[in-house]
Amino acid sequence: MSILEARREQTRARYPDEEGYVERDGVRVFWERYGDGPTTLLLFPTSPISHSRLWKAQIPFLARHHRVLAFDPRGNGRSDRPTDAAAYGSWEFVEDGRAVLEAGGAERAILVGLCDGGGWALMLASRHPATALGVVAIAPFVPYLTPGHPNYTRYPFDEPLDSGEGWAKYNIHYWRRDFRGFLEFFFSQQLPEPHSTKQIEDCVEWGLGTDPETLALADDEAPLPWSSKEEARALCEGVSCPVLVMHGELDQCQPRERAEAVAALTRGTLVTLEGAGHLPQARHPVKVNLLIRDFVASLERRTP
Amino acid sequence: MSAVTETPREQTRARYPDEEGYVERDGVRVFYEVYGDAPTTFLLFPTGPISHSRLWKAQIPYLSRYFRVVVFDPRGNGRSDRPGTAKAYSRWEFVEDGRAAIEAAGAETALVGGLCHGGGSALMLAARYPAIALGVFAIAPFVPMLAPSHENYLQFPFDEELDTEEGWAKCNSHYWRRDYPGFLEFFFSHQLPEPHSTKQLEDCVEWGLAGDVDANVLSAVEASRPWASEKDARALCKRVRCPVLVAHGDLDGCQPRQEAEAVAELTGGSLVTLEGAGHLPQARHPVKVNGLMKEFADSVVPPEPKVRRWTRGLSRRKRALFICSPIGLGHAQRDVAIARELRQLVPDLEIDWLAQDPVTKVLEVEGERIHPMSAELANESGHMESESAEHDLHCFQAWRRMDEILVANFMVFHDVAREENYDLWIGDEAWELDYYLHENPEEKRAAYAWLTDFVGWLPMPDGGEREAFLTADYNAEMIEHIARYPRVRDRAIYVGNPDDVVGESFGPELPLIRDWTEQHFDFAGYVSGFDPAAFADREKLRHELGYRPDEQVCIVTVGGSGVGGHLLRRVVDAFPDAKELVPDLRMIVVAGPRIDSAAFPEQDGLEVRAYVHNLYRHLAACDLAVVQGGLTTSMELTANRRPFLYFPLRHHFEQNFHVRHRLGRYGAGRAMDFETATPAGIAQAIAEEIGRDVDYAPVETDGAAKAAARIAELL
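Protein chains in written order, with the numbering used here: chain A, 2 to 305; chain B, 3 to 717.
Misleading hints may appear alongside valid ones.
Cut-off 20 Å, straight-line C-alpha distance, at most; resulting in silico cross-link-like pairs (DMTMM-like, lysine to aspartate or glutamate) [said to hold, decoys possible]:
| no. | chain 1 | residue 1 | chain 2 | residue 2 |
| --- | --- | --- | --- | --- |
| 1 | A | Lys288 | B | Glu421 |
| 2 | B | Lys320 | B | Asp350 |
| 3 | A | Lys57 | A | Glu20 |
| 4 | B | Lys296 | B | Glu444 |
| 5 | B | Lys308 | A | Glu261 |
| 6 | B | Lys290 | A | Asp295 |
| 7 | A | Lys288 | B | Asp425 |
| 8 | B | Lys320 | A | Glu194 |
| 9 | B | Lys446 | B | Asp354 |
| 10 | B | Lys308 | A | Glu194 |
| 11 | A | Lys288 | B | Glu378 |
| 12 | B | Lys308 | A | Glu250 |
| 13 | B | Lys201 | B | Asp475 |
| 14 | B | Lys320 | A | Glu275 |
| 15 | B | Lys296 | A | Glu301 |
| 16 | A | Lys288 | B | Glu422 |
| 17 | B | Lys233 | B | Glu263 |
| 18 | B | Lys308 | A | Glu238 |
| 19 | B | Lys542 | B | Asp524 |
| 20 | B | Lys296 | A | Glu261 |
| 21 | B | Lys201 | B | Glu12 |
| 22 | A | Lys288 | B | Glu445 |
| 23 | B | Lys446 | B | Glu421 |
| 24 | B | Lys308 | A | Glu20 |
| 25 | B | Lys296 | B | Asp354 |
| 26 | B | Lys296 | A | Asp295 |
Calculated from the structure, these hints are not laboratory results.
Chain A extracted, bound-state conformation:
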């Protein structure tokens, strides 16, 4: 059974008003701008496992009132696919975001991200406080802040395994054999809500926009931005803008403790999404859109 055949992109609800590339150290990153409201929202991608279409259920709504910037991560979509691991370091994605912000004509923005992207949003807010009006972090990945989700420690990533079942698919050798099979497994875990077929198909399709070697560079070989829990905590504590954290209690990628720690250390608000998995922006778009809208409104009122 293949749930996926690569098709031409489906009709969008809204097309970008502007698009372009930013280039840093020879790596070109593709970005889009939607709308031109006074407040800017920068939507971070995740790791190269997906691209900016990830936010397709948010962009048309948010762009009616705001300037929305989205970009494809290095390694997927219309961005370049550098071949050295260092080019996929976390800070590179963060600085790509900052470059997109500049290219999109904004000095400050509300930074929105999911998983890795949630971590990058926090990193940008911590390193460049003047840039961040606020952070919306969905299931944020902040390395070392808490133990990772147990799914990732069941099997070694690098070693050939006897099994190709379950989380043994999270393995570079399996990826090389059946990348699509991995993506189908992975996203069905991340969308545990019944009746999520379309969202899974989308995610798999976007995942096929990269390849196993690129994804391994980014997810496994690239240097982590720090190497201790203390540094992770210090990063969060360095975020001075308002923070909204969302976390689905059925999340199979980022543990609840991590979301709680981010909220506690940034003095942010935590919204737990009961019955939701790792990708609420896709599966529960109305709720996520309204949470983002309310958060943005609270920040806009604060800065008359």
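Fit chain B to the known structure of chain A by using the hints.
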């Protein structure tokens, strides 16, 4: 409508101040109150001396759950001084009084709100003291000279002697000296142009009359201006640096729209236009205004971050919120019976109760889950008791005078309903819920079932034309609510049968109550909290309760409140005569917690008890009961086929009309008139009725199941 100017004692408040005191400036004492102790302070300015701090009665109980609310009476009204010079009433004096009240409350900064003059005062405070004002919430602000006065004020000169006193000619210093109450009634009826505003109008006139300032001084206040030109007024607004929200009713008869627009524009604030609203939306549209105030305050001073939850639709358990009126214990018993049936039909249903004493006592015994926010509800039964006199409860007026409590309790419900996703709300005579949902239909976010055992306010004959007008006005508003928003009540269930509905009309040119109720309600039949079959073996029951077969047992009970003391006394006075007529008489008088049982001397055959456990079992076993005219007790007696005498409370339209009509249909009970019943007459009635075989129409026992079946369809 002449009776609106009588000044009654202050009605029960939903919340009383935690602190009160006076600030004194230049020898003038100004009375202030502080409610709540949250870190953020919210000062609510009064208007000019035309009103006092009760103006905010619909806001204080709600806002003080989130803020430290400071209010004060203006110079010239309430408990503040009435200085004799016009200078003491200049606009800046009110502003400085506000600043002093903030300081007295121990705050350095505050959100400041105000209406009309008070809205202007709030802006003036923010302009003069930017470090104090965090934000300004101004309703129909009056900023002198900023815009041309409302055309109403331009029709006649204020200071000149006029040859008419019709209409706005009453807004004239000479007329004020002649008939200030007449001016107030005229003025406020124009400031409350919304139909069905009688209570708000009465309140405003009452508060206006509390300001007994010399009319000459008032006139001078009216004429005083804190600055000389429109330019000055604009400059003042521009000096306001904090966030501003302006609310303005488009039917405002006091402050023109252009003024509100100018304030919003010059301060960079937001303008919320309230369509169909007049000058006093805080009184007439309290739910909306409260929501705007809270939202504005939260935007200025964001609340502490907190952990929130949202549950995906298909992952939710089915949940219902039962809102059960505490006025009369009968609701609790029948609602528990309905809840039990509902769980049979929807086994995974989780039911929470938003309820207060004495309902909660029943719920606790039944092991029901009482929502913790119930603790925030203002006391309704206590209010009803405070409104009663000797065997007398004017329940329509007492209910009207509960308006502050009803809004406060609706806001508690509102917060619960917004925080938690219930599938269904069930309101058993939950007046606040039904009324404010129809007034604010956008607040409906769950299925809603309404239960009641009577429909239609009815006037007592001695209430005269005024009361007939008022009850008809309330009925008309209810009829309009249902006609305009049939989607609000998903179920309307009458606890009874069509024949139980009275035959009267709702009022002049209004439908007959029976016709209308049949069109708009389902009928569950009577819902009792117990099964009469359990008492079928009366001999056994009597034995268990210690009543001998040869005794003639008469139970006298008047409920848990203190209202019934006079009836008890009268029945006790009748005891010697009754004992003579019925030698085997054993009378048990249940005094309840609020009546001193020691006040009734024991006699042979007469026992006075403070409390009787499971009273309903005694009522099922007795040979006669003597009770008030409440529905639950009298229907329990009817279901158990016991003879009884009942004395409807004076001025209690429900007991005098609705219950009496229903008992008549069952052929149950003997109605007695407290007014005319002498001890000898009562003794005679006891002798005639006690132990009598009755031929009551049977009372159905499936009412709870029928009601639950209709409600379950919503789940």
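Taking the hints in turn, this is what the structure says about them:
1. A:Lys288 / B:Glu421: holds, 14 Å
2. B:Lys320 / B:Asp350: Holds. Lys320 (chain B) to Asp350 (chain B) sits at ~7 Å (cutoff 20 Å).
3. A:Lys57 / A:Glu20: holds, 16 Å
4. B:Lys296 / B:Glu444: Given that 20 Å is the threshold and the Cα spacing comes to 17 Å, the pair holds.
5. B:Lys308 / A:Glu261: holds, 11 Å
6. B:Lys290 / A:Asp295: With Cα atoms ~19 Å apart, Lys290 (chain B) and Asp295 (chain A) stay inside 20 Å; holds.
7. A:Lys288 / B:Asp425: Given pair Lys288 (chain A), Asp425 (chain B) holds - Cα atoms ~18 Å apart, limit 20 Å.
8. B:Lys320 / A:Glu194: At roughly 18 Å apart (the allowed maximum being 20 Å), Glu194 (chain A) and Lys320 (chain B) satisfy the hint.
9. B:Lys446 / B:Asp354: At roughly 18 Å apart (the allowed maximum being 20 Å), Asp354 (chain B) and Lys446 (chain B) satisfy the hint.
10. B:Lys308 / A:Glu194: violated, 26 Å
11. A:Lys288 / B:Glu378: At roughly 29 Å apart (the allowed maximum being 20 Å), Glu378 (chain B) and Lys288 (chain A) break the hint.
12. B:Lys308 / A:Glu250: holds, 17 Å
13. B:Lys201 / B:Asp475: Holds, at roughly 11 Å.
14. B:Lys320 / A:Glu275: holds, 15 Å
15. B:Lys296 / A:Glu301: It holds: about 17 Å lies between the C-alpha atoms, which stays within 20 Å.
16. A:Lys288 / B:Glu422: holds, 15 Å
17. B:Lys233 / B:Glu263: holds, 16 Å
18. B:Lys308 / A:Glu238: Roughly 17 Å between the alpha carbons, so the hint for Lys308 (chain B) and Glu238 (chain A) holds.
19. B:Lys542 / B:Asp524: Violated, at roughly 38 Å.
20. B:Lys296 / A:Glu261: It is violated: about 27 Å lies between the C-alpha atoms, which goes past 20 Å.
21. B:Lys201 / B:Glu12: holds, 14 Å
22. A:Lys288 / B:Glu445: OK: Lys288 (chain A) and Glu445 (chain B) at ~18 Å, within 20 Å.
23. B:Lys446 / B:Glu421: With a Cα-Cα distance of about 13 Å, the restraint between Lys446 (chain B) and Glu421 (chain B) holds, given a limit of 20 Å.
24. B:Lys308 / A:Glu20: violated, 38 Å
25. B:Lys296 / B:Asp354: With Cα atoms ~26 Å apart, Lys296 (chain B) and Asp354 (chain B) exceed 20 Å; violated.
26. B:Lys296 / A:Asp295: holds, 15 Å
Hint compliance for this structure: hints 10, 11, 19, 20, 24, 25 are broken, all remaining hints hold.
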